[in-house]
Amino acid sequence: MIVRIAAPESDDLRAILFRRYPSKEWATFARFGWREVPDGLILTLAGLEPQVEGDLDPTVPNVAFQEPYTLRTALRAEHHPLALGVCHSHPQDCPPRPSMIDDDMDRYFADYFVGFAPARPYVSLIAAQIDGEFAVAGRVHWRGDWLVVTRFAIERVPLHTWVGGARPAADAAARSRTERLAAAFGDEAEARLRRATVAVIGAGGTGSAAIEVLARAGVGRLIVVDPDSLADSNLERVHGSEPTHASQQIPKVAVARDHVHRIDPTCKVTAIRGALPQGLAVDAVVQADVALGCTDQQHSRLALSDLAARYLVPAIDCGVVIEGTAGQVTGQVVQLVRFLAADPCALCRDMTDPRRLAQELMSEEERQQRQVAAAEAAARGDDPDPYWRGMPQLNTVGYLTTTAGAIAAGYAIGWLTGRFDPPFGRVQLNLVGRFLDVADGDVDPRLDCACRRAHGWADQGAAEALITPPDHWPEPVHM
Amino acid sequence: MSNERIERELTVLREGGQRAELAVGDRLVVLYLDVPTGGARVGLPMVTDVIVPVPSGYPANLIDLAGLTVGSPFLGRVKGGQSNQGVINAAGRQWQLASYHPHTNGGGPPWDQNRFGFHTYLDELIAWLDCLN
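Keeping their order, the protein sequence lines are chains B and U.
Start counting at 1 in the first sequence, then tack on 2, and there's your number in our numbering.
Start counting at 1 in the second sequence, then tack on 391, and there's your number in our numbering.
No wet-lab data here; the hints were simulated from the structure.
There could be a bad hint or two in this list.
[To be verified] SDA-like, lysine to any residue: derived pairs with alpha carbons at most 25 Å apart:
1. U:470 x U:521
2. U:470 x B:386
3. U:470 x B:368
4. U:470 x B:384
5. U:470 x B:49
6. U:470 x B:376
7. U:470 x B:374
8. U:470 x B:380
9. U:470 x B:53
10. B:26 x B:49
11. U:470 x B:364
12. U:470 x B:379
13. U:470 x B:371
14. B:26 x B:107
15. U:470 x B:383
16. U:470 x B:369
17. U:470 x B:357
18. U:470 x B:107
19. U:470 x B:249
20. U:470 x B:372
21. B:26 x B:53
So that you can see chain U by itself, here it is in the shape it has in the complex:
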């Protein structure tokens, strides 16, 4: 697992004003803090925390899935939020992984490790959290 690469991507995120960090638990994840949402339109918070698992073999393996805290009101409103892909403990909290697959026919571009990373996955997360049903 390439901590060096992930740390570099997290630095890019921080320089752009997005707080994010590596967190351990059942498995290694990237924890994005206070990600903007479209919640204001439907009476939900304007930000939320999100985790994304670090895939085995990264960056050869593509980034996939996204998790919200168990019981998050967003789970019922985001794409794939009602299709539970597992519950994991990380950063001292319980998270439910949603069926969100932007790089595997899920709405985003096909994975290209030279273009994408945890720094670009933020764009996918913002789009995901903005499109609430």
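Chain B extracted, bound-state conformation:
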């Protein structure tokens, strides 16, 4: 059971909950999207229910919701599909463990809201400041059972979840293998990496480099998603690959999994042969603290930004391209794009071309039909473009993909440890240019874009999905 919270809600939530700190509590109602995954629920904070003066009783030190706020929240739920919940604070240094009063409150609201919003989870979160640290715990009423939140994934806020309100166990000492990293970022950072889950979409040149860096840094769990098998032409770029992998057509995710286990046998690897946004891949990636997009496919880029917006998964997309003219290499570009939930999506950033997307998403049979139709059109003197547009394969080379993947992994480590942020929305690094080029850092989301309407809506925002998996793609499988 994971609860995901992103900006701006994470900041707003803390401002509300701690407004009467350190001695008095405060609270808010909230809306959550959710997705059922095989081992539980993923909940995403979609928004806080606005409150006005008098919605909570300010004369008592604990939380006392007033009927107008409760009724207003319930009636609004009849017009949206999201789950409802209560978020409240405990006084400073009072553990976020439910009290008997909290038990009564949760039972009451779980019963009350179901009358207005049936068949939806009821979520209860408790936050407190303990020894100067943000501590949070939670539980969810779902299909008649109370389930404990086992992990919070809060954008850019590394924290140790108080499962069931209990103080987390102290972190083990840093391992000698990562002592240089711990010396640079602190023992706490090393422990955070061990607790972290990172998803890497694409296990080719860029993805395999990111995976290697993350595994060596001591990340506890890696989720690797890729549909392809290794080919001879990949050997120049893919870390951990060998000629036998290519001759035996070993899936790239299996190559990555085995390579990680050689580096760190304690790292848990979930290897999925498939692609976003196929269900099995989404089930896994929504559990990650950070996702890295490492493919040269536009549909993958779009799916990653959809996950960032709807499921609040912080992501960095990376890509590389080599440009040339007249026998000279004129550009060797690494591009990194940050997709936080509030960031512009791939559509808002004009990172996709509808024609390329369409051709990527066609079945092989359809592609062949289109190419034949284009040739026939050209033969009779008509424009072949409506049928098929030839698009060159993007050129790449191992040192560029390794650079891109390693930098992306570095920014992931920055987020996971809380030590640094990517200082950009989108950045391009040209190895043969004279300076770093920070591109379109100030692009705003399009107001009419589906990514804005579905912020944190998870599965309940399916009608706003930017992309769906084609039926002709092979079924994804765990390797």
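Here the structure of chain B is known, so what remains is to put chain U in place on it, guided by the hints.
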């Protein structure tokens, strides 16, 4: 495939008075019923049914093509009607897909999934069925 989005677009169509539904067969299609035509000018029916395939990966993939029932008198008169793009079975009938590509240099605007959908594709179909040779 995003049934939720398509259902929402079909609701928009119905609220505007156009009957349309998802139909299965060889592949998933949207069936537009009784779409207005310019047929009265040339002695053809004033309405006809049309299918449009649901593209793989929709809405990332753009809406393209249009199909009329095999043997439809409109096939010989609409743009691309004589360039057969395949015959498919759907909704209990046989349909011939015409070479009609409004969002890929075929006369309409470039695809933008935030602006277009099966609800706006009706405008393209009406224009297509009105311009008869």
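Against the structure, the hints come out as follows:
no.: 1; hint: U:470 x U:521; verdict: holds, 10 Å
no.: 2; hint: U:470 x B:386; verdict: holds, 15 Å
no.: 3; hint: U:470 x B:368; verdict: holds, 21 Å
no.: 4; hint: U:470 x B:384; verdict: holds, 13 Å
no.: 5; hint: U:470 x B:49; verdict: violated, 49 Å
no.: 6; hint: U:470 x B:376; verdict: holds, 16 Å
no.: 7; hint: U:470 x B:374; verdict: holds, 19 Å
no.: 8; hint: U:470 x B:380; verdict: holds, 17 Å
no.: 9; hint: U:470 x B:53; verdict: violated, 57 Å
no.: 10; hint: B:26 x B:49; verdict: holds, 23 Å
no.: 11; hint: U:470 x B:364; verdict: holds, 24 Å
no.: 12; hint: U:470 x B:379; verdict: holds, 14 Å
no.: 13; hint: U:470 x B:371; verdict: holds, 19 Å
no.: 14; hint: B:26 x B:107; verdict: holds, 17 Å
no.: 15; hint: U:470 x B:383; verdict: holds, 16 Å
no.: 16; hint: U:470 x B:369; verdict: holds, 22 Å
no.: 17; hint: U:470 x B:357; verdict: holds, 21 Å
no.: 18; hint: U:470 x B:107; verdict: violated, 66 Å
no.: 19; hint: U:470 x B:249; verdict: violated, 49 Å
no.: 20; hint: U:470 x B:372; verdict: holds, 18 Å
no.: 21; hint: B:26 x B:53; verdict: holds, 18 Å
Against the hints set out earlier in the document, violations occur for numbers 5, 9, 18 and 19.
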